[in-house]
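Asks: Listed below, chain by chain, are the residues.
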Amino acid sequence: MLKYTLQRIFYMFFVFMIITFMSFILIRMLPLPALAPNDPHKEILEIRREALGYNKPYLEQFWIFLRGIVTKWDWGTSEKLYIGRDVWQVFVEKLPASMIVNFYSILWTIPVGIALGIVAALKKNTWVDYTISTLTMVVISVPSFVYAFLIQYLLCFKWRLFPFVMKAGTDYFSWDMFVSIVPPILALSFGVIAGFCRTTRAELTEVLTSEFMLLARTKGLTKTQATVRHALRNCFVVVVPAIFGEFIGIIGGSLIIERIFSIPGVGNLTINAINGLDYNIFMLSTCFYTAIGLAAGLVVDISYGFIDPRIRMGSKK
Amino acid sequence: MSNMKKILSFILALMMLVSMLAACAPKDDTGDDGTSGPAESSGEQGKEEIKITEFDKDKKYTYNSWQTGLSANWNPHDYEDANSSDQMSYLIDSFYTFAFNDELHPMEDTSRTPFDGYVIIPSMAAGMPVDVTEEVAKEHPDWVPEGATSGYAYAIPMREDLYFDTGYHITANTYVEGMKRILDYKFQNYRSTDVYSGTYGIAGAEDYFFQGHENFKSFSDMGSSYDDYIANGGKEEDIYIDIGGFWGIETADGKTYASVTDDTMIRDPAVPEGADEDYVSAKYLWDNYLGPNGVLTSYTPGYAGILKSYPANVAFEDTVGFYAKDEYTLVEVFKASCSGFTLFYNAIQDSLILVDPDIYDKCATQQADGTWASTYMTSVETSPSYGPYSLTDYQTDKVAHYSRNDKWYGYKDDVNNIYKDPTDGNVYRLYQTTDIDIQVLDSAATAKNMFLAGELATYGLQADDVDEYRNSEYCFNSPGPNVFFTLLTGNKDGLDAREAADGFDTSKEDIQTILCPSFRKAFAVSFDRQAFCDETSPQNIPGYGIFGTTIIYDPDTAAYYRDTDVAKKALCDFYSVDTSKYSNLDDAVDSITGFDPEAAKELYTAAFQESLDAGYITDEDNDGKCDQTITIMYALSAESDSMTRRIDWLDKAIVEATKGTPFENKVHVGKTAPLGSGSEFADALKAGSADVCLAGWDGSAMDPYNLLTAYTHEDQAYAAEWYYPKQDMLTLTLDGKEITMSVYDWAEAVTGNNTKAQDGKTYNFGTNDADQETRMQILAGVEGKLLETYTYIPFINNGSLALLSQKVYYVTDEYNAVMARGGIAYLKYNYDDDAWKTFCDEQIAEHGMIQY
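Protein sequence lines, in the order shown, are assigned to chains S and U. Per my numbering, the very first residue in the first sequence carries number 1; after that it's consecutive. Per my numbering, the very first residue in the second sequence carries number 318; after that it's consecutive.
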């Protein structure tokens, strides 16, 4: 298992480097944002770009980029959006807002999603199952920003239950802040609930029809006992890794939802960096999202082994 | 030229900014008894006592605003964009400011009605500037041209009660400290060029800024030319070229200038490898383009010059014409003579250098790469205010909140910071707003919902909202100074190349016909501009001239060019309006629609014959119809619903216009793939790879003369590839004397350059050399000539539509290009915050939203 984990980390690192390299080269190949004639910032920017190796071959530039990160955790300075500021500092400032919204979201969506999935599986082929399954399909088919606008229109505008946008400030655990982020939490939640519901229902349905469940019942276990002790445990082999993946994704933020609810998070920052041609911020965002995606995949895969002792991928026989 | 445009754009922005700051205070804070309800206090205006109606001191009036982004830096030395200047505007003030003309601040022109213009009044200054040129010339002869006795040096008396909200007392020396810091080379402050460069920079500021460094100086910058330089003993080998500006390249070590003797070949990234001029050198550019034997010598003054070395270790006091005469008198020495509006503008601009030296110095840090950066004005802690508001909350990309700065002198000023309300006749203080809250909202839908729920003060209407709200009494139209024209390409080479390309079937398609003069004229009269505005962009109004309705030709009097008789006559002449049929010129102008379907049909028929004769199209079956289909490609910058709507409208209109002509169902308007919102769409048009687009120039809201150069300078003009203003001659009768010059030369002359006319005499019709009447005659003459090219076909006068919350109201509904409707300074409130909340609750309970 250890070897497998190390292998996966190595592969993850390898893939990360390839993606980073490709992104880096493509970004450096783009023409630099033009400065106005006689822009007095020119000299400063030239010095900074010289320090980043802009006039050197791409491979050497990439080496300077990596060296800066490894030795000084230097991701460069912002050239457009936050002129002269360390882009890592800017990025870190944005992380909490993204994380808090996603954290609250998964905190309730996972239990609700799993619960609905269990109910649907246990009530398979009844109106309850049909209702849940139909709603699940509808919710999964509609993008989250559609819910976002609906939620904002109904809860914030029509019924005035919540503020339109996230409250300003950094008091992330205050009641006012919580109330202000309920709409984005809901907007983010529907898709996750539907996803967990569908996964749980599918797995549990399959497990419930397994022969060992019949054996459990013939041994004298009640249906509840058999479901809780055997069926759920087996179906969680698939569900729990997905939970881990969701938790990793907390810090990823949501590009569209953050814009609609004015959440000053990393998702918004990424879009602004793209629109504003702030290459250093965009490069950091790209690396960040790549790392998040790879880490989530790694955690999901490794967690299988911990959850189900029968799974020992890559181990010697 | 592009730099000039930028500067002029800045001037407009600055005027708007300063107008926001106009004069002073919202409520009296001299008392401290906390009484509420209307009250009156006494102020003095000269000897006459004025009763001032005070706002309720206990009430809170919050202006809730929104924008799509907040700037991370509003440092007056380094700000760049509109968001930065907006955020900065609440925290700063200036020596002089703009105020609406009212009984308390009347204009010299007594025919003007209150609130239809503006006056310039002292703000942080204690009085008007005093010309001290003679005095300064004696002490510092190097700062003032020899023999000059006025117009260069001014002493500005300052108020003694100026403070930052930190308590830092502002004196003349504080300004000097600010000037030293903005000119500190190591910071490379973005706004330093405003101070040291240009005609009206501060004397000696450039030498101080560049001390110990080199800097490229073009002949234009030095007020010189290549011929003058050589005549004065200059050597050609000492000349440098601005290769960055002229050709878009730079040397291997990142320099944007190079010696004309430098034959190092530099790769031009804009040219494909292997094509002509994929590699060029400075020497090549000089020999072929800019040098005496080059083909673009008109560019030489702007892009050729010398490399100037500046002596190191110069003392500020001996070098820069900016010093404290005494504790409350500041002396400014300008590089060029200025007076009137220009003087006030310069004084306003220079006063923006003010910073709190203590905080400023603490904010300076050296970066790992050796460069310097400043965090001044990037947070609440680093944002000292000397304006009407203090920054009390700021979160990057989220919110900025401003509250009254009680240390601001303006709230106690009973002279300048008051106005007489045109409705009730009472005298009020400016700035009733106690708090300003700016939210960042990226979604217009969110903003609309928030506005309708009473949480925002304004909402700019989107296309889908216009039908619902355009007739609302709370909907305000703000006309812009600019006209957007439909620009029809005339680049024959480009069009020929397209027809010659693979895939273009000339038996079925044609595009060269758009070169035919009759076709271009027919195109110009094919569109009902009013219908276009109504159906595609209701915030705009039809535009008929090169200049818009609110462009000001004389900033001293706030006079609009379009209101003048010569401007009206120019339009009537171009649109062939028989003025004798109308009782006055206004009626004649009002009759112009620019739409003449009958004439269009005749012209299309004539164009058919012209095109046949030119061999562009065929009529094989002799049915009198064109065999080819002409699809005029709109140069699309980016895909959007509004663009699609516009292009569809144009297509439908031209199909209708060609009905019954040989081009019936043969002319369409299509669109290119998105080309990009930079200069790409214009480049495509210039190159003839696209055919038409709606385009215009912004900026120059108070200088239409300068805007002319956007049409006459090759590096700016959209039509540079097919309209040659240097060859287009124009004869004007000025003071009974006929003068003939090219359109290019007229534009040069009216912008203050010496130009030679056909009579061999040299003329200059710049601000200091000709009266306004003469200059306007020239402006109208050139405008008429440009219209006659049928390249720039005026279409819409830009504008905006916005809803204003019922919580507030404008003191005047009339829009003024400089003052807008008064901005925050003049904004008044129907409800304080508590009353507004109650009102909103009631409205929403009853109607579901606030009714507009």
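Because the hints were derived from the structure by calculation, they are not lab data. Glycine included, every Cβ here is placed at the ideal spot set by N, Cα and C. There may be inaccurate statements among the hints.
To be verified - Lysine-lysine pairs mimicking DSS-like chemistry, simulated, CA-CA at most 27 Å apart:
id: 1; chain 1: U; residue 1: Lys503; chain 2: S; residue 2: Lys56
id: 2; chain 1: U; residue 1: Lys825; chain 2: U; residue 2: Lys838
id: 3; chain 1: S; residue 1: Lys80; chain 2: U; residue 2: Lys600
id: 4; chain 1: U; residue 1: Lys625; chain 2: S; residue 2: Lys80
id: 5; chain 1: U; residue 1: Lys572; chain 2: S; residue 2: Lys56
id: 6; chain 1: U; residue 1: Lys729; chain 2: U; residue 2: Lys838
id: 7; chain 1: U; residue 1: Lys976; chain 2: U; residue 2: Lys918
id: 8; chain 1: S; residue 1: Lys80; chain 2: U; residue 2: Lys497
id: 9; chain 1: U; residue 1: Lys1145; chain 2: U; residue 2: Lys1078
id: 10; chain 1: U; residue 1: Lys600; chain 2: S; residue 2: Lys56
id: 11; chain 1: U; residue 1: Lys625; chain 2: U; residue 2: Lys600
id: 12; chain 1: U; residue 1: Lys503; chain 2: S; residue 2: Lys72
id: 13; chain 1: U; residue 1: Lys729; chain 2: U; residue 2: Lys374
Unchecked claim - One-sided and incomplete, this derived list gives chain S residues near chain U with beta-carbon spacing under 7 Å:
id: 14; residue: Ile44
id: 15; residue: Ile47
id: 16; residue: Arg48
id: 17; residue: Gly53
id: 18; residue: Lys56
id: 19; residue: Pro57
id: 20; residue: Tyr82
id: 21; residue: Phe164
id: 22; residue: Asp171
id: 23; residue: Ser174
id: 24; residue: Ile260
id: 25; residue: Pro264
id: 26; residue: Tyr304
id: 27; residue: Gly305
To be verified - Stretches of chain U that chain S covers, calculated by requiring three or more beta carbons in the stretch to come under 8 Å of a beta carbon on chain S:
id: 28; region: 437 to 451
id: 29; region: 903 to 911
id: 30; region: 1091 to 1098
id: 31; region: 1153 to 1166
Asks: Checked against the structure, which of the hints given earlier come out wrong?
Replies: 3, 4, 6, 9, 17, 18, 19, 22, 23, 26, 27, 28, 29, 30
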